[in-house]
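Heads up: the sequence lines are chains A and B, in that order.
My numbering puts the first residue of the first sequence at 1, with every later residue one more than the last.
My numbering puts the first residue of the second sequence at 1, with every later residue one more than the last.
In case anyone wonders, no lab produced these hints; they're calculated from the structure.
Honestly, I wouldn't trust all of these hints.
Claimed, not checked - Simulated pairs of lysine-lysine, DSSO-like, Cα-Cα distance not exceeding 30 angstroms:
| id | chain 1 | residue 1 | chain 2 | residue 2 |
| --- | --- | --- | --- | --- |
| 1 | A | K238 | B | K216 |
| 2 | B | K226 | A | K216 |
| 3 | B | K173 | B | K124 |
| 4 | A | K226 | B | K226 |
To be verified - Each pair of labels, with its calculated beta carbon distance range:
| id | chain 1 | residue 1 | chain 2 | residue 2 | range |
| --- | --- | --- | --- | --- | --- |
| 5 | B | K125 | A | D29 | 29 to 39 angstroms |
| 6 | B | N156 | A | T157 | 31 to 41 angstroms |
| 7 | B | K231 | A | V17 | 41 to 51 angstroms |
| 8 | B | K173 | A | D70 | 46 to 56 angstroms |
| 9 | B | K231 | A | K160 | 13 to 23 angstroms |
Yeah, the Cβ is synthetic: ideal placement off N, Cα and C, and Gly gets one too.
There are 2 protein chains.
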Amino acid sequence: MTLGLQLDIQKYDCNLVLSPKIANSIQDDIPLIYVVTATYQRLVQRAELTRLSNAFRLVKRLHWIVVEPDGQISLNIQKLLNSSGINFTYFAQETNPSDQKNAGIGWIRTNHNPAVQAVLRYTKKLSAWPVAFSGRRKYETPIVENGKVVRFSAWNTHRKFPIDMAGFAINVKVLWKYHPRFTGMKDFHNGFEETHFLEQCCTVDDIEPRADNCTKILVWHTKTKKPTIDKIDHNVPKLEV
Amino acid sequence: MTLGLQLDIQKYDCNLVLSPKIANSIQDDIPLIYVVTATYQRLVQRAELTRLSNAFRLVKRLHWIVVEPDGQISLNIQKLLNSSGINFTYFAQETNPSDQKNAGIGWIRTNHNPAVQAVLRYTKKLSAWPVAFSGRRKYETPIVENGKVVRFSAWNTHRKFPIDMAGFAINVKVLWKYHPRFTGMKDFHNGFEETHFLEQCCTVDDIEPRADNCTKILVWHTKTKKPTIDKIDHNVPKLEV
């Protein structure tokens with residue numbers, strides 16, 4: 001079982017919604033992929049989650065964990081998840097706002113490619129791959145020599161793991177093994193979430209390079225512009241955006 | 001057969017790439033959907049087309065016509081289309097730059113929802129539905145009374161068809177019927193492409209309102225930010241973004 005991004009999901013204290021078909025997916029024998037999306041309520045939220053769901057619907061055996069940051073889940077998003085046909089868990093959690101939220105925003109901005117499933121599904125411990133448009137570069141990538149990651153081309157390579165949150169997956173067993181140590185995650189400052197998280201459980205030597213030895217871009221860290229809205233027409237039906 | 005957006009595809013004078021499996025799709029008996037995407041080469045092109053392809057892969061019997069504006073198709077995009085499994089036609093065409101390009105850029109920025117297929121596939125002549133974030137509004141929409149479109153909530157309702165290019169589909173038979181008249185399409189000024197196009201072949205009375213009588217948002221006209229890129233690291237492998 002593989003995870004894109006870890007959040008502290010043990011401590012949810014709010015509404016929790018599970019997809020109706022979780023049971024169906026248990027018997028398949030390919031490893032389950034968990035994707036964690038930390039989202040937040042805003043104008044483009046449903047557009048962004050629809051786009052992600054389009055990609056995730058193409059991936060077999062994926063479980064989507066969607067987390068709202070401010071203690072409140074939305075019926076609008078719940079309906080979207082229900083109708084997507086994707087196995088999901090949806091809940092809200094009070095958080096220390098900056099770190100988890102920043103991580104979540106970044107993750108949700110990423111364009112997931114179904115090809116990614118081929119890259120991350122069979123992760124033994126930690127796998128990594130290039131991500132376009134992250135770290136204010138055309139791409140950040142592990143540099144691979146003879147099948148091993150030897151260094152990184154990335155923002156701030158003084159970080160032990162200079163990897164964007166969309167650029168790695170871990171086998172979920174790693175989480176169980178190191179679980180108590182992960183409780184300290186919340187105090188990281190911006191840009192250090194990934195490295196602090198990974199430093200607790202992995203070494204650079206553990207990295208399995210993916211995407212043809214890190215020679216292919218399969219993930220883009222794009223951002224959606226906030227829409228410009230000039231005026232509100234009160235003489236129209238209220239539609240849920 | 002239904003079309004999202006018409007372009008002057010008869011006059012292509014450049015490379016033309018067809019998907020290998022066009023023949024396979026002929027025998028199905030549900031109406032074929034054509035989607036025309038006018039794209040252009042830039043940093044986020046593959047990210048955007050990947051996202052669109054994720055949505056289109058979920059739609060049965062869709063034919064994707066992808067047009068480059070400047071006389072040059074790209075191997076990068078051709079590979080993307082080939083590996084998507086979607087039936088496609090890919091070609092480049094010299095165009096009068098502004099109108100067709102603007103129309104194309106707008107279209108490609110739109111988040112397509114597979115639910116849209118249910119809305120547009122059985123279009124008799126012209127169907128329309130709400131689009132979020134277009135016309136500098138939260139949404140533009142036809143206003144429906146007793147199953148008929150009576151007016152619009154949109155930018156510049158002095159236009160006969162104040163509809164975003166992502167907000168309508170026509171039955172492709174309309175194109176054959178009025179074909180000679182469509183040759184004048186290129187001189188429209190910005191914001192008038194849709195109305196000038198539709199005025200040549202349809203009346204407002206023809207509009208079949210979709211998306212539950214225009215009460216649901218299934219399409220969002222979002223824009224992707226141009227990535228900020230600070231520096232080029234020359235000491236890394238060159239990856240195709």
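> Honestly, which of those hints from before does the structure not fit?
Replying inline: 5 and 6
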